[in-house]
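Given the coordinates of chain A, assemble chain B onto it according to the supplied hints.
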Amino acid sequence: MSEEILKALTQLFAIITKQDGGVTENERQFVINFFQQELDQDTVKEYLELYDSYSGYKKQGTSGEDEKNKLTSVKDSVKTLGICKKINKTLAQKQKAVVLTKLLELVGSDKNFTPQRMEIINTVSTVFNIVQDEYKLIESFVISQQAEGLNFADILIVDANSAKSAELQKHGHAHIEGHLAFMRIRSVDMYFAKYVGDQSNVLNGFIMQPNKVYLFSHGSTIKTQAGDALYYGDLVANFNEELKTAKLSFNALVEEFKFPNGGTGLRDVAITEGPGKLIGIMGASGAGKTTLLNVLAGLERPTKGQILINGFDIHSEKERIQGVIGYVSQDDLLIEELTVYENLFYNAKLCFANFTEEELHKRVIEVLENLGLDQRKDLKVGSVLDKTISGGQRKRLNIALELIREPAVLFLDEPTSGLSSRDSENVIDLLKELSLKGKLIFVVIHQPSSDIYKMFDKMIIMDTGGYHAYYGTPVEAVTYFKKATHQVDSNRGQCETCGNVNPEQIFNIIEAKVVDEYGQPTSKRKVTPPQWHDMYKERFKISRIEDLKEEPPHNLNIPTRIRQTVIFTTRDFLSKISNKQYLLINLLEAPLLAVILAFIIKYKSAPGGKEYIFRFNDNFPAFILMSIIVALFMGLTVSAEEIIRDRKILKRESFLNLSWNSYLFSKLAILFLMSAIQTLSYVLISNLILEVHGMNLAFWFVLFSTACFANVLGLNISSAFNSAVTVYVMIPLLLIPQMILSGLLFSFDKLNNLISTKGKVPIVADLMASRWAYEAMAVHQFTDNDYDAPYHDYEREEAKADFKAGYLADELKKRNRFVVENMDLKNDSVQALVAKELKIIRDQLADEAFREGLDKIKPEETLQPGKYSKALGESLDNYFEEYRKYYQRIYNQNVSLIEKKMSFYEKSGFNVNAEKNRYHNESLSDLVKNVNAKNRWIEYKNEIIQQINPIFQEPRPKNSLDYRTQFFAPEKNFFGLRMSTFLFNGIVIWAMAVFFYITLYFEILKKVVDSFGKVNIPKRK
Amino acid sequence: MAMRILVVGLVVAFLTACGSGKKPDEQAFLNSLDSAKNQGPSIDEEVISSILQQIPSPLEISVLLKESGTKYNFSLLNSPDNLSKYNSNFRKALNLGIYGTDLGYTNIYEQNQDGIKYLSAIKTLADGLNIGQFFDIETIGRLATNSKNLDSLLLITTQNFNSINHYLQTQSRANLSVLLLTGGWLEAMQITCQVGAKNLKNKELKEKIGEQKIILEQIVLLLSFYKDDENMASLLKDMESMKAAFDKINITYTYKESTMEIINGVAVIKDNSSTTIAITDEDVISIKDLTNTIRIKIIS
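Protein chains in written order, with numbering that gives the first Met the number 0: chain A, 0 to 1020; chain B, 0 to 299.
A couple of the hints might just be wrong.
Stated by the list, open to error - Only part of the chain B face toward chain A is listed, based on derived beta-carbon distances under 7 Å:
1) 28
2) 83
3) 88
4) 129
For the record, the hints were derived by calculation from the structure and aren't laboratory data. All C-beta atoms, glycine included, are put in the ideal place defined by N, C-alpha and C.
Pulled out of the complex, with its shape left as it was, chain B reads as follows:
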């Protein structure tokens, strides 16, 4: 008798355990596809790659920060724990860029423990994007056990980012490259703006923010090539709003003849041209806020 009850109980439990929420069916998705445009960018890949080459690495900003004497602040970065939230390639690529910048930041401040976390997150995202081959996890693991190796580890990683960009372009996947870059740049902006907003007197920092206007323009240009893609279009929109904020900043370039001087018996050409960047505190604050809003959208 007891056994019969047990059996019935098990069967009931079994049946009820099987139910779950319903998903829209496959057909509904296929129908939605028909109405959407299904094309890649019509621009020549080479154009894209030539623009991509011009954009400097976001890591440079970090160097500047450290030199300005600001302290390491982990809370400025995108936590590696957020990794699990990135399921689509779009988000994976953007956040791969973000983590790349974060890794550089931790490196400059020699925060090895955090650095390893970012490395691992980068490896995971890269795997997800089918570009994991650029991270030999065995080498990374071996190097990561010893903090002295971190320098070489970072060197490898930075080189890897370059190789990834190159690879993606050869594989007609430059869109990912664009996203990678956008993410990296955005994260650099975020860190700089957060620090800059607190140190509004730091002129150098403010100017650095203002300088980004040129880069942003290129990013917007790149993104516009992909505006057929839904996700890209929405990112483009955000970036354009940022560009609007940057439009208030004036960058004037004054040309002067270069001169040559002899220093210690060596001839050195001195560039006398100067660039003046007119950026107000308000501009910095509004850019900071905008950056933050866009970034939160991407990372969360």
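Just chain A, with the same shape it has in the complex:
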């Protein structure tokens, strides 16, 4: 209190007391007491003299000067106003309330309540902006000599009676003579206590004078003579109407909690609480504070025991208590790219589906104001390194994110760590206020200041090894531990003069070490954690609060899944576009790669090397592969960090029980959009530079599909691993097999025998998106470019006929002859060969289109060992001759059709060669026709497999599910349906994406990785 104020107060005291009868001895004594509390001995004298001179003490006695008196009273009134205005400027409302009670008490000290005196005090209260009703309350409370008459809602009487004496007042029961009266001043949320009776009750270790008004501050305790302890928290709860309506019971019994590695985290912790409590959790580091918090919050499941909220198990009956729990972890759970306001706004949007935008805005602003963040609302949160808002503000914003939905039970892990003492106090103040609204709040706290410590209703003290050392009111903790170690002065929890509590003391006692003979502390503790635990169990009996069997209050109203997706997407989108660096890199990456790649592989390819012609660019097949790798790479890198980065936010939002599906969909929406833009820009630019014409849409579709597949794959690894580094190490592991098995770098026919199947793409390769994408692009470019497309059907017929006429006819004939010559030999190995040859012929004729002469032979039935005859061999031989001629004809027809079509185009004014230069690529054409095949066909596993012209070879499915074909097949079989390779492969890539979406949804990869993590590596002893 400043000198100025004290002077003003002295004047005020003087003015009041000198009215109507002047200062009495009692009143003067009261003023002296007041000065003694505030000042040292020397100054008390000084101020007392001042008081005496103002009040005219000792000059009295010359009475009968009524007129003079009246004049002074007017003067005094003016003076009073002046003083009050001065006080108004400097004192907080709370302090003003204290001043007012002091004034009333002063008057009450001699019960000289003259109208004039009361008038002045009333004036003071008006100037202090204290509402009339409240003034009435204060006046009655201070002045009244009895408790019975106090009929106010803000009065609590504690006595031995079982019923209350007045209608409005509140009543509590205790073994006490007389009455303890408590008053709440609602506007400033302060409490005053007063005792009327003859017993000596102790308030915070000091005897309460009867009829004296005491400030009943946070953490205060009153001990009655009979030994009852009345705690601040319990008494204050009586005033709280909200508490009475708040239906909440929290019963936790954790018999044991074991860490995944087998260590014990918690033992025998029982906590039972109702609504409106602020509970602190303290303990030495490693004592299991955070573990306890996590277990209580339901983040970890106790090995033995259960946690019930209103009787609902938080693990098994999750849906019943949806949104009841809030959790603020020690880490920042902010979206760094969004502003303070946006962080809160989108969070609120996810919590309150029933709110309009306006209501949401109001609510957000309200919370921001409550937390003093309204000035900072448009600042970007920024990362810890790139700070835009202070640490305290970050912390408050973290809390705000939970507060906005007002969960009934709130858990906070060290909300004050790293904050200044003022910030810490603000935060705890805020929590206190919330608890008074009926919330149950658990706070892990570390080294709290005395004020903060006293604000808690209960304190849980944990000891090393997860032992429960104490659970009760905070101030009593000090006395309990002092007593337990037989310290002197053990009754006094707090400092006699300043009311400070030193929580450090508790830990000094708990962890006190045995001292050796040289006075050096040893590592052995005087009292071990189990001993403390036993001692605690002996002394304290926790009465379990009855489980309320009704759903706890929650105002959470989660939006529909679709709305959630929209909200998630908007939030993510905003955060992405506000990160300029991220955006720029991701948008420029694709065009840059396109320019680099296309520029490097564009050379003067025309014969003679004079110019660039697309047709002769030998790099084109490799370019397609690179494009796919680029798509995969971009797709993976853009998604690989997504979930890891959000993991903390997901942890927080897990309490909201939001849809995981919606979250994933929002991720995919943004990633797919990004991939669409990236692949589009890549295709446009590279195709422009390389002069690839007419392929933009098709290439884009394939690359986009591939990138989307990579996106989903990336999200899988992002969800499974716990650090970005691991994820980036995973990328080559995923990409390189895609390259190896893409079909271009290594021929599928020349792979390890274990995996390769001649004439078919190996199954391992079928698992690679790159192979499907490559095939789709290559086949589409070859068959559907503007030049080749009109001839493709003829070319295919031509190639098929050529193979049959040129190779197959002779080969089958030869085999038939072998059968004819050897069928009569009795040699087993020869018979096996005969059977094999018959099978080959049978297979080839099974779906033969040329039936002339074949129908009589009925190859299915007759081409079996035993049924075959020489005559049949003869007719088969003739058939093959006809077969050959037939296909020669087909061949020639198609060749001539192509010739005719070409000349038809030439005649219609088209330059066929220019078209070919523009659309056709020789290198790719050689690749898909496999012109370099050494053998046109090979025999493999009793089958003739065509090696040449895979692009013209139609699939021969064994059944409707047989999708397998040679690489570069023009068509695919899909449940008996023929469809183009381009379409089919597109479907396959998307099906793979869907498959990985499912594994992502069920977090299968994460479960697998986690199960590896659980394998214990035995430690060396």
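Below, chain B without anything else, positioned relative to chain A:
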């Protein structure tokens, strides 16, 4: 905002990039087919193949050239770079013949580097005609790395041409064989005429040109079997114009009894008959010009 512009830009670029020239539609082509005759030659394949067998390899001319002392001249040949211009089977086959002759020419002059280029071009054209199997590119590649192997390489190639001819005939594709032969012959004519026109005094060379009259007649005969085909018909027309130029040349055959002489104790029968070929310088020039015109049509 910037992003929106980017997206719109990309989409616009995307849409505009898709447009291209219009081709006559499929229906128009099918309609044109109906009116055209769609038949193969009605002549017996065996007749064709017996004529084909009689025509000597054009490579012989090259030997003559080298012996006459003329220098190697690459510009006389069809550049392998022209390869990309041959899209139809008709042109592929003609030029395959041309390149075959060119390969022989480079071989006789031992121009290995150029030879390899022709080999590669031949392989490509053969692939295009579905007769690539006669060229094992691995063997060719392996042999081509060492110039000493060139002889065997050429031997293989020459044999390949024979096998190709045989294969085509068995596959009812003798028309290609005819074209292959025509192309080869035409190229040989071209080289000989170009050299001959510069060395008009070289009687042997001139006579060699004149001798070709007989071969040309057979070629014209062969081509006439296929005159239903548009391309073949036009080639036939060109060849007939050439034949008209050759008609001015008179070949007279004087028969004399053969005699037998003993040389070093071995009996040798001596052919005393002689053929006289009356060919003027003008004839040579006009044949050269005609050959050139026809050839340019084919190779470009």
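Checked hints:
Below 7 Å, beta-carbon pairs count as interface contacts, and residue 28 of chain B has one with chain A at about 5 Å; its hint therefore holds. For residue 83 of chain B, the interface hint holds, the least distance from its beta-carbon to any beta-carbon of chain A being 6 Å, beneath 7 Å. Taking 7 Å as the C-beta contact cut-off toward chain A, the hint placing residue 88 of chain B at the interface holds, the least distance being around 6 Å. Interface restraint check: residue 129 of chain B against chain A, minimum CB-CB distance 5 Å, threshold 7 Å, status holds.
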